[in-house]
Amino acid sequence: MKIVVTSDKIKKETHNTPSGSPSSGLVLARETPKPSMSERMGSEVLTVIIGDESSKHYFTLHKNLLAECGGMFLDMCNETSSGQAVAFEAEKDAFKLFVDYLYSDSIPAVPFDATATVKAHKLLSLIKLYVFAETSDLDSKIRDKIMDNIQDGFYMVREFPKGDLINNVYKNSGENSKLRKFCAASLVYNVHDPSCVQDKSIAGLLTGNEALMADFLEAVRTYAHRQDPRVRHCRFKENCAECARAGSEYLDGADGVAPCNYHVHAEIKGEVGDPAGYGRKAFIVNKNLIMSQSAFSPNAPRNLPLLSSSVPALQLEEDNKTFENFIAWLHRGTIPETPPLPVSLSSRPNRQLQC
Numbered sequence: 096m097k098i099v100v101t102s103d104k105i106k107k108e109t110h111n112t113p114s115g116s117p118s119s120g121l122v123l124a125r126e127t128p129k130p131s132m133s134e135r136m137g138s139e140v141l142t143v144i145i146g147d148e149s150s151k152h153y154f155t156l157h158k159n160l161l162a163e164c165g166g167m168f169l170d171m172c173n174e175t176s177s178g179q180a181v182a183f184e185a186e187k188d189a190f191k192l193f194v195d196y197l198y199s200d201s202i203p204a205v206p207f208d209a210t211a212t213v214k215a216h217k218l219l220s221l222i223k224l225y226v227f228a229e230t231s232d233l234d235s236k237i238r239d240k241i242m243d244n245i246q247d248g249f250y251m252v253r254e255f256p257k258g259d260l261i262n263n264v265y266k267n268s269g270e271n272s273k274l275r276k277f278c279a280a281s282l283v284y285n286v287h288d289p290s291c292v293q294d295k296s297i298a299g300l301l302t303g304n305e306a307l308m309a310d311f312l313e314a315v316r317t318y319a320h321r322q323d324p325r326v327r328h329c330r331f332k333e334n335c336a337e338c339a340r341a342g343s344e345y346l347d348g349a350d351g352v353a354p355c356n357y358h359v360h361a362e363i364k365g366e367v368g369d370p371a372g373y374g375r376k377a378f379i380v381n382k383n384l385i386m387s388q389s390a391f392s393p394n395a396p397r398n399l400p401l402l403s404s405s406v407p408a409l410q411l412e413e414d415n416k417t418f419e420n421f422i423a424w425l426h427r428g429t430i431p432e433t434p435p436l437p438v439s440l441s442s443r444p445n446r447q448l449q450c
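Be aware that the sequence shown starts at 96, since it is given in this note's numbering, and climbs by one per residue.
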């Protein structure tokens with residue numbers, strides 16, 4: 096099928112192939128390109144100071160780029176004028192990674208060909224950066240990119256979060272932190288390792304840490320056999336960044352979680368103020384992915400209500416689990432298997448099927 100790109104419309108074209116048979120062509124609207132870094136940064140700057148009195152570090156950063164990150168920085172930019180200095184607490188190495196992201200739109204990854212020491216240092220800095228992004232309430236897209244690189248980093252060094260690292264994550268992160276969930280899932284995965292059970296390292300972590308115990312039990316409840324939480328499984332789809340990073344055999348034989356399993360999905364506020372309304376749940380789904388895999392393709396709604404300034408929201412009358420399975424299928428190509436549940440015929444709803 097021929098794809099024709101225009102700047103202002105979407106339509107189907109019909110033309111004859113060399114054999115004379117009709118063929119459909121889909122004309123796709125060109126998306127507005129993201130402004131370049133120089134166009135976005137503007138001219139106003141702030142001097143950001145981190146560290147204590149004995150060891151201060153100064154960064155001169157563009158206000159517009161900081162404001163794009165949302166959370167604490169959006170408030171800071173709204174309350175200050177150009178040239179002002181602002182001080183707050185942050186780990187130096189983590190904040191340097193944040194500055195790298197600010198001017199590249201890319202979270203630095205654990206380098207594949209670096210020494211073990213360099214890899215470990217970069218991975219620890221990414222974890223600190225995630226905690227900083229979370230406590231500063233930065234845009235969810237930033238946290239998701241960091242989380243992706245944390246998962247990749249642990250897989251690359253063939254390690255899992257453990258011991259003091261997990262304790263520090265729980266001391267410095269929020270109750271619903273995705274980094275916490277990742278740590279708990281890693282512990283569950285390691286129950287298969289006899290050494291982790293025999294040395295009582297897992298039991299020692301769970302003792303006296305109620306939050307970790309709760310996350311651990313939830314991870315046990317949802318665990319799929321040998322599902323590695325470090326692997327964002329793509330099933331070797333074309334143009335997969337995971338496979339391309341270290342060659343086609345990088346994930347050979349591995350099974351993992353959906354790519355967005357530890358992502359922060361934005362909330363849609365219901366009428367009573369609860370996320371998405373009572374009994375509802377919000378999902379952020381890549382529009383190109385959902386359009387390429389479903390009947391939405393040529394007839395997708397074009398004027399949807401906005402979740403934010405750039406994210407359209409579409410309300411569907413499906414239960415959460417059904418749509419979660421649909422999301423898993425979009426990303427992995429398979430529907431998660433669930434054990435059959437006993438059904439009482441007398442309690443089934445009286446629902447008529449319509450063709």
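Accuracy of the hints is not assured; some may be wrong.
[What the hints assert, rightly or not] BS3-like, lysine-lysine: derived pairs with alpha carbons at most 25 Å apart:
(1) K217 / K257
(2) K257 / K276
(3) K240 / K295
(4) K266 / K187
(5) K240 / K217
(6) K266 / K295
(7) K191 / K151
(8) K187 / K217
(9) K217 / K191
(10) K240 / K129
(11) K240 / K276
(12) K276 / K236
(13) K129 / K187
(14) K217 / K236
(15) K295 / K276
(16) K236 / K187
(17) K295 / K257
(18) K276 / K266
(19) K257 / K151
(20) K236 / K191
(21) K266 / K236
(22) K214 / K240
(23) K217 / K276
(24) K236 / K129
(25) K266 / K191
(26) K187 / K214
(27) K129 / K151
(28) K187 / K257
(29) K276 / K214
(30) K214 / K191
(31) K214 / K236
(32) K217 / K295
(33) K257 / K240
(34) K187 / K240
(35) K214 / K129
It should be emphasised that the hints constitute simulated quantities derived from the structure, not laboratory data.
The hints, checked one at a time:
{"no.": "1", "hint": "K217 / K257", "result": "holds (17 Å)"}
{"no.": "2", "hint": "K257 / K276", "result": "holds (13 Å)"}
{"no.": "3", "hint": "K240 / K295", "result": "violated (33 Å)"}
{"no.": "4", "hint": "K266 / K187", "result": "holds (19 Å)"}
{"no.": "5", "hint": "K240 / K217", "result": "holds (15 Å)"}
{"no.": "6", "hint": "K266 / K295", "result": "holds (21 Å)"}
{"no.": "7", "hint": "K191 / K151", "result": "holds (13 Å)"}
{"no.": "8", "hint": "K187 / K217", "result": "holds (12 Å)"}
{"no.": "9", "hint": "K217 / K191", "result": "holds (11 Å)"}
{"no.": "10", "hint": "K240 / K129", "result": "holds (18 Å)"}
{"no.": "11", "hint": "K240 / K276", "result": "holds (16 Å)"}
{"no.": "12", "hint": "K276 / K236", "result": "holds (18 Å)"}
{"no.": "13", "hint": "K129 / K187", "result": "violated (30 Å)"}
{"no.": "14", "hint": "K217 / K236", "result": "holds (20 Å)"}
{"no.": "15", "hint": "K295 / K276", "result": "holds (21 Å)"}
{"no.": "16", "hint": "K236 / K187", "result": "holds (22 Å)"}
{"no.": "17", "hint": "K295 / K257", "result": "holds (12 Å)"}
{"no.": "18", "hint": "K276 / K266", "result": "holds (14 Å)"}
{"no.": "19", "hint": "K257 / K151", "result": "violated (31 Å)"}
{"no.": "20", "hint": "K236 / K191", "result": "holds (18 Å)"}
{"no.": "21", "hint": "K266 / K236", "result": "holds (23 Å)"}
{"no.": "22", "hint": "K214 / K240", "result": "holds (18 Å)"}
{"no.": "23", "hint": "K217 / K276", "result": "holds (21 Å)"}
{"no.": "24", "hint": "K236 / K129", "result": "holds (15 Å)"}
{"no.": "25", "hint": "K266 / K191", "result": "holds (22 Å)"}
{"no.": "26", "hint": "K187 / K214", "result": "holds (17 Å)"}
{"no.": "27", "hint": "K129 / K151", "result": "violated (35 Å)"}
{"no.": "28", "hint": "K187 / K257", "result": "holds (23 Å)"}
{"no.": "29", "hint": "K276 / K214", "result": "holds (22 Å)"}
{"no.": "30", "hint": "K214 / K191", "result": "holds (16 Å)"}
{"no.": "31", "hint": "K214 / K236", "result": "holds (24 Å)"}
{"no.": "32", "hint": "K217 / K295", "result": "violated (28 Å)"}
{"no.": "33", "hint": "K257 / K240", "result": "holds (22 Å)"}
{"no.": "34", "hint": "K187 / K240", "result": "holds (20 Å)"}
{"no.": "35", "hint": "K214 / K129", "result": "violated (32 Å)"}
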